[in-house]
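Chemist: Letter by letter, the chains look like this.
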Amino acid sequence: MTISRRNVLLGGAASAALLPLATTAVRAQVKEVVIGVIYPLSGASAQIGVDAQKAFETAADIINKDHDFALPMAKGEGFSGLGGAKVRLVFADHQADPQKGRAEAERLITQEKVCAIVGSYQSSVAVTVSQICERYQIPYISADNSSPSLHRRGLKFYFRAAPHDEMFSTAMFDFFDAMKKKGQKIETLALFHEDTIFGTDSANAQLKLAADRGYKIVADIKYRANSPSLTAEVQQLKAADADVLMPSSYTTDGILLIKTMGELGYKAKNIVAQDAGFSEKALYDAVGDKIPGVISRGSFSLDLAAKRPMVGKINDLYKEKSGKDFNDYSSRQFMGLIVMADAINRAKSTDGEKIREALVATDMPGDVTIMPWEKVKFDDMGQNNFANPVLLQYNGGKFETIYPPQGAVAEAVWPMK
Amino acid sequence: MTAATIIQSLASGLLMGLLYGLIAVGLALIFGLMDVTNFAHGEFLMLAMYGAFFLFAFFAVDPLLAAPLVAAGMFVFGAVIYLLIVRFAMRAKANIGMVQIFTTFGLAILMRGLAQFFFTPDYRSIPTSWLGGKTVSFGGIFLPVPQLVGALISVAAFGALFFFIKKTDFGRALEATREDAGAVALVGIDKNKVFALGWGLGSALVGLAGAVMASFFYIYPDVGASFALIAYVTVALGGFGSVFGAFAGGIIVGLVEASTALILPPSLKSVGIYAVYLLVVFIRPRGLFGSI
Chain D
1 MTISRRNVLL GGAASAALLP LATTAVRAQV KEVVIGVIYP LSGASAQIGV DAQKAFETAA
61 DIINKDHDFA LPMAKGEGFS GLGGAKVRLV FADHQADPQK GRAEAERLIT QEKVCAIVGS
121 YQSSVAVTVS QICERYQIPY ISADNSSPSL HRRGLKFYFR AAPHDEMFST AMFDFFDAMK
181 KKGQKIETLA LFHEDTIFGT DSANAQLKLA ADRGYKIVAD IKYRANSPSL TAEVQQLKAA
241 DADVLMPSSY TTDGILLIKT MGELGYKAKN IVAQDAGFSE KALYDAVGDK IPGVISRGSF
301 SLDLAAKRPM VGKINDLYKE KSGKDFNDYS SRQFMGLIVM ADAINRAKST DGEKIREALV
361 ATDMPGDVTI MPWEKVKFDD MGQNNFANPV LLQYNGGKFE TIYPPQGAVA EAVWPMK
Chain W
1 MTAATIIQSL ASGLLMGLLY GLIAVGLALI FGLMDVTNFA HGEFLMLAMY GAFFLFAFFA
61 VDPLLAAPLV AAGMFVFGAV IYLLIVRFAM RAKANIGMVQ IFTTFGLAIL MRGLAQFFFT
121 PDYRSIPTSW LGGKTVSFGG IFLPVPQLVG ALISVAAFGA LFFFIKKTDF GRALEATRED
181 AGAVALVGID KNKVFALGWG LGSALVGLAG AVMASFFYIY PDVGASFALI AYVTVALGGF
241 GSVFGAFAGG IIVGLVEAST ALILPPSLKS VGIYAVYLLV VFIRPRGLFG SI
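Heads up: the sequence lines are chains D and W, in that order.
Each residue of the first sequence is one higher than the one before, starting from 1 at the first, in this note's numbering.
Each residue of the second sequence is one higher than the one before, starting from 1 at the first, in this note's numbering.
I should point out that these hints are in silico values taken from the structure, not numbers from a laboratory.
Predicted model only: the values in this text are computed from it and were never measured.
You can trust all of the hints, since none of them are fake.
25 Å max Cα-Cα, derived PhoX-like pairs, lysine-lysine:
1) D:K321 - D:K75
2) W:K134 - D:K417
3) D:K269 - W:K134
4) W:K134 - D:K238
5) D:K216 - D:K267
6) W:K134 - D:K290
7) W:K134 - D:K267
8) D:K269 - D:K182
9) D:K65 - D:K86
10) D:K321 - D:K86
11) D:K417 - D:K290
12) W:K134 - D:K281
Take a look, some chain D residues computed to stay more than 12 Å from chain W by CB distance:
13) E357
14) F386
15) P404
From the derived model, a few chain W residues whose C-beta atoms are all more than 10 Å from chain D:
16) A89
17) V99
18) G139
19) D169
20) R284
Virtual Cβ for every residue (Gly too), placed ideally from N, Cα, C.
Using the sequences and the hints, build the whole thing.
Modeler: Here's what the structure looks like:
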């Protein structure tokens, strides 16, 4: 038989039809809960995927073994709601390509029989993966996708526990407003964003906020991700010389941006970054000395360990596996799996619809998570609006929370040095 | 748009273009010699960049000093790849073009995979070097020193290559083998030896480019991909197999890319390159300086 699109579709439809029957039959003796984890494990963002793998393994370890943390799923071994069944993760590689993501999601569901999928770093890939999940009625959690358009597509099986870029950008503008009140001059902004859904959505949110709050956008530069050179782009940024430069860039472009700025003699007055590359150790190893005082939004901070010792202990478990501290991404990935596992446990089933119902009913207080969130509770679009973002400043080789004031451990250094 | 902006763009474009040329010339050389397109060319560049990085990380060798070492290492690597892999691929009886494509393409994927396995997918970079991060400026025009030195090395390498091909015995043997491999066998020139040296030379040149780039670019297993694409366009633009074509093609690509970004939004800056490329394909399919 030749593999034509029609055959694939037919096969998909057939297995979708059989799926409810199959799961009903095995529900009685669920021995393991299989969850698909879809990340870029090779290609330009392989580093993210490989680190993510360690974060998910850490979470799986905590689920499967008995740990004395307040975190859901930590106490006891495996899923208590499913007779102690263990979680098994199946990793799939989407190489940052939405089409590969689509194919891998299909494979995870039909071949590997996963009951839920967690993903995926690139928002562009989350678009296709979550569509496939919707078709097969398998819940998908965006652990770390931040494009706001993702949860507005009317999907019933889409959930996101973490903040999205409008929430993050709002925090940035709240911060600007607060700085202005203190007498700092912030009038002009320059946007610098990559050309996939992440950069575009982020820039759209920032453009709208700037217009609403009376900031002038003096440069809005969209560039091609993984460009061999950013000279022309940086020249335009330099000509604009805004009060704040706001990049939405993955690691590679972030490194090249800062290097090129140095080469062209452009020193930004302030940088407030939309996370991504600006949360990665690799970027600070490469160019950290050139940007002391850079601010990035985030949803995690190791500062929290002082208030909540569990955060430090879980970070140690992760560090043992990866050699790195939790960052904004690995922490959200970790929580993504915990939130999903908690729902499966309450659903007492691996049936997609049952898990979806349990996710809808999720109400997890913030202090049993490792995040500075108020709680995890999804709205009718699957978005958790109680995930408060934070702003972190890179000072003296480490990140400190500087905003919002209730979570801050340090005063913002502004303008950056 | 001021005059300074335009001059800055063109100057940056020229420097980048000379590097593109240096990256592409190895590809052109190998193709010209034996009609094999090396689809692993970007991965050769990646390997060279890692070479410079590891020399720096373990022995504190500056990338500039490492350049000749990396080039020498890549020479051996290229020759070995020919002798162990490509030589056999060329013995295929049927569909020889396809066999070569799949061979070098497979080599590319293998090299990427091995690099990810052994070097990890972490983004590396050389934080401090003699050239890195330094910049000279003339009346508001900034020229980054690493790219400036890279451009000079590129010009010198092209000069040496030109001299080598035209004036030395081995260069003449290279030219002769490229024109008629059968006939040179009759006068006692070992075709395999010439091909191996050709692969070595082509790889050494991309090695030189990689070592220079290591001082200002980030390094990871997939770094070659975007440069390889530009190298293919450069070679096709300049003319397959033409060394001078690669030089001219590189400069054209660099300048066109920089000037497109002056007119169009930067995310469309490669549109200019491909527009020029299409134009050349329509008007002069063998490339500007191609002889095939």
